[in-house]
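Colleague: These are the residues of each chain, in order.
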Amino acid sequence: MGKTIAEKIFASHEVDHPSGDIHVIRLDAVFCHEITTPIAINDLVERGMDRVFDPDKIKVVIDHVTPAKDSKTAMQGKILRDWAVRNNIKDFFDIGRNGVCHAIFPEKGFARPGYTIIMGDSHTCTHGAFGAFAAGVGTTDLEVGILKGVCAFKYPESMRINITGRLSSGVFAKDIILSIIGKIGVNGATNRVIEFTGPVIDSMTMEARMTICNMAVEAGATCGVCAPDMITVDYLWDFIKDEYPSKESALKAYREYTPDNDAVYADIIEYDVSGLEPQVTFGYKPDEVKPVSEMTGEKIDQVYIGSCTNGRIEDLRAAATVLDGKRISDSIRAIVSPATPDIFSQAMEEGLLKIFMDAGFCVTNPTCGACLGMSNGVLAEGEVCASTTNRNFNGRMGKGGMVHLMSPATAAASAVAGHITNSKLYKGSGG
Amino acid sequence: MKNFSGNVLFLDRSDINTDEIIPAKYLTEISKEALKPFLLEDLKLDGFEHPRDIQDKSVIITRANFGCGSSREHAPWALEVNGINMVIAENFARIFRQNIFNCGMIAAELPADTINRMFSSFSDVETSVQTDLKKNMFTISGNDKTEEIPFSISDFDRSLVEAGGWVGYADKHY
Chain A
1 MGKTIAEKIF
11 ASHEVDHPSG
21 DIHVIRLDAV
31 FCHEITTPIA
41 INDLVERGMD
51 RVFDPDKIKV
61 VIDHVTPAKD
71 SKTAMQGKIL
81 RDWAVRNNIK
91 DFFDIGRNGV
101 CHAIFPEKGF
111 ARPGYTIIMG
121 DSHTCTHGAF
131 GAFAAGVGTT
141 DLEVGILKGV
151 CAFKYPESMR
161 INITGRLSSG
171 VFAKDIILSI
181 IGKIGVNGAT
191 NRVIEFTGPV
201 IDSMTMEARM
211 TICNMAVEAG
221 ATCGVCAPDM
231 ITVDYLWDFI
241 KDEYPSKESA
251 LKAYREYTPD
261 NDAVYADIIE
271 YDVSGLEPQV
281 TFGYKPDEVK
291 PVSEMTGEKI
301 DQVYIGSCTN
311 GRIEDLRAAA
321 TVLDGKRISD
331 SIRAIVSPAT
341 PDIFSQAMEE
351 GLLKIFMDAG
361 FCVTNPTCGA
371 CLGMSNGVLA
381 EGEVCASTTN
391 RNFNGRMGKG
401 GMVHLMSPAT
411 AAASAVAGHI
421 TNSKLYKGSG
431 G
Chain B
432 MKNFSGNVLF
442 LDRSDINTDE
452 IIPAKYLTEI
462 SKEALKPFLL
472 EDLKLDGFEH
482 PRDIQDKSVI
492 ITRANFGCGS
502 SREHAPWALE
512 VNGINMVIAE
522 NFARIFRQNI
532 FNCGMIAAEL
542 PADTINRMFS
552 SFSDVETSVQ
562 TDLKKNMFTI
572 SGNDKTEEIP
582 FSISDFDRSL
592 VEAGGWVGYA
602 DKHY
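Residue numbers (the working numbering), protein chains in the order written: chain A, 1 to 431; chain B, 432 to 605.
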């Protein structure tokens with residue numbers, strides 16, 4: 001019987017099979033940030049087990065609240081910083097070099113095909129874009145991962161979403177994943193891995209694949225995953241060129257982690273995206289989705305462009321294309337957070353930051369910030385944000401606030417209009 | 432082992448997410464106890480009043496996909512420090528469910544019709560649950576009604592509950 005991507009990765013990483021469908025797997029990387037890791041560190045210290053399984057496989061960043069906003073967040077950073085020094089962890093990204101975890105770790109080449117990765121962050125599923133099994137976990141799983149380099153999972157059942165058709169101009173990866181979540185629901189992939197396949201995925205950049213996989217967890221999925229191909233190899237080449245004599249040989253090795261033709265899926269969904277319109281959420285759940293055209297005119301107070309979903313260079317380019325030469329509406333305020341220092345520099349070199357600033361955007365340092373209402377753009381009660389992030393939960397961006405999720409192009413166009421609207425990049429379905 | 436019996440809090444909604452269970456602004460706390468006053472502070476549910484409705488409750492009975500969203504273990508911790516160590520639902524989000532057992536708590540999954548029956552028989556009256564983990568069942572009672580309800584728990588999850596969590600188990604085995 002053939003295997004899915006996740007089954008192949010599990011087969012090559014199995015450490016133990018303690019009972020039933022529970023499999024303990026070896027971890028290739030454990031990612032850490034300052035919100036969920038300090039309590040794990042403190043617990044390890046209390047237990048007299050302040051050590052790590054392999055300092056080279058632990059990657060650490062301060063990203064959620066940076067620069068620290070108060071004594072408590074400063075202490076979270078300090079606990080992480082001191083621990084990294086104590087345990088000889090070299091890949092520690094502190095302020096000045098830090099960015100949103102799911103943007104900076106791929107940029108550094110830490111996510112590879114066939115890898116197993118955990119992090120105390122639900123959007124760890126992003127790294128599945130590289131053909132990795134990457135799952136968000138809680139602090140206890142993280143603690144055991146740090147200490148032992150293993151994690152227990154139910155054997156992963158996979159569902160396949162095969163994406164075909166021709167995407168209209170002005171319709172992006174974000175619109176695809178929002179529409180998929182709208183179709184299958186926030187509980188539609190619970191305990192499953194979603195394999196994204198088909199010609200639309202095959203022609204996507206790694207950035208776009210990361211946007212798709214990033215939101216797999218919003219449908220309940222353990223991980224979203226794309227089979228590695230030459231686009232994956234090209235993205236990683238600077239980091240792997242000493243390991244392989246050529247890109248072709250790297251691809252051949254990575255093909256081990258493509259699904260078999262006779263792999264068995266719990267469900268296969270065929271999805272033709274021809275004619276798909278830009279999408280937006282309207283409620284407090286990420287599956288409450290409709291076309292932007294049905295929400296046009298909806299009042300907003302703030303626009304936020306950034307996050308692990310849509311804070312990458314392509315996202316800033318799309319938004320800047322819409323904003324070029326324009327001003328945001330006087331009735332709103334707008335914030336852009338390039339997701340990493342490299343993206344920030346690139347955007348500066350390309351003149352994108354000037355376009356944002358000329359339009360009236362506040363450009364912040366790389367941080368998760370406003371996405372979860374921790375800093376850098378919290379909403380007041382009753383306020384509404386047009387946002388490129390991934391969650392519209394009640395209170396997510398501040399108590400009593402409302403978030404509408406959308407693509408960077410739609411967010412930029414909405415900033416100019418002062419209300420939700422389609423961007424000029426979208427010329428109608430089939431356009 | 433923790434206590435898995437006591438008064439029931441009924442939450443009649445699916446997809447209650449971790450931001451509702453404990454809002455992100457409290458994730459700057461580095462002690463579990465500090466989360467106590469904020470459990471379910473942002474819950475969007477008609478008739479629910481925070482914090483009145485969580486006083487003296489030990490068990491939650493709710494609908495589907497409880498705990499979806501963030502991976503924050505602060506969600507089970509916020510329940511734990513309020514004395515709630517057991518949640519009964521149609522199903523749970525994966526990370527939340529794993530976090531619950533990793534903390535030595537119980538997430539019991541029951542069919543939708545059993546959940547419906549408990550809501551229709553008990554959600555309007557003061558209700559309590561007595562859990563017998565050895566027999567894989569709990570007794571739910573309120574007013575004059577009592578019902579015995581079996582639930583399943585995997586051997587692995589049971590060993591986590593008995594070991595008081597995953598760190599103790601993993602340290603012994605790996």
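Think of the hints as simulated: they come from the structure by calculation, not from any bench.
In this text the structure is predicted, and so the values were computed from the model without any measurement.
A hint or two may mislead.
[Unchecked claim] Derived list of chain B stretches under chain A, where covered just means 3 residues or more per stretch with a C-beta under 8 Å from a C-beta of chain A:
#1 446 to 458
#2 547 to 561
[Unchecked claim] Sample of chain B residues with no beta-carbon within 12 Å of chain A, all distances over it, derived:
#3 Gly437
#4 Asp443
#5 Arg528
#6 Leu564
#7 Met568
#8 Thr577
#9 Ile580
Every residue, glycine too, gets a C-beta built ideally from N, C-alpha and C.
Colleague: Could you run down the list of hints and mark each one as holding or not?
Modeller: Going through the hints against the structure:
Only when three residues or more bring their CB closer than 8 Å to a CB of chain A does the claim for the segment 446 to 458 of chain B stand; here the count is 8, and the claim holds. Given a C-beta distance limit of less than 8 Å, the hint that chain A covers the segment 547 to 561 of chain B is violated, as 0 residues qualify and 3 are needed. No Cβ of chain A comes within 12 Å of the Cβ of glycine 437 of chain B; the nearest lies about 24 Å off, and the non-interface call holds. Every CB of chain A lies more than 12 Å from the CB of aspartate 443 of chain B, the least distance being 16 Å, so the non-interface label holds.
Not every beta carbon of chain A lies more than 12 Å from that of arginine 528 of chain B, the smallest distance being close to 9 Å; the non-interface claim is violated. For leucine 564 of chain B, the shortest C-beta to C-beta distance to chain A comes to about 17 Å, beyond the 12 Å cut-off, and the non-interface label holds. The beta carbon of methionine 568 of chain B sits about 20 Å from the closest Cβ of chain A, which is more than 12 Å, so the claim that it is off the interface holds. No beta-carbon of chain A comes within 12 Å of the beta-carbon of threonine 577 of chain B; the shortest separation is about 31 Å.
For isoleucine 580 of chain B, the requirement that its beta carbon stay farther than 12 Å from each beta carbon of chain A is met, with the minimum near 22 Å.
Hint compliance for this structure: hints 2 and 5 are broken, all remaining hints hold.
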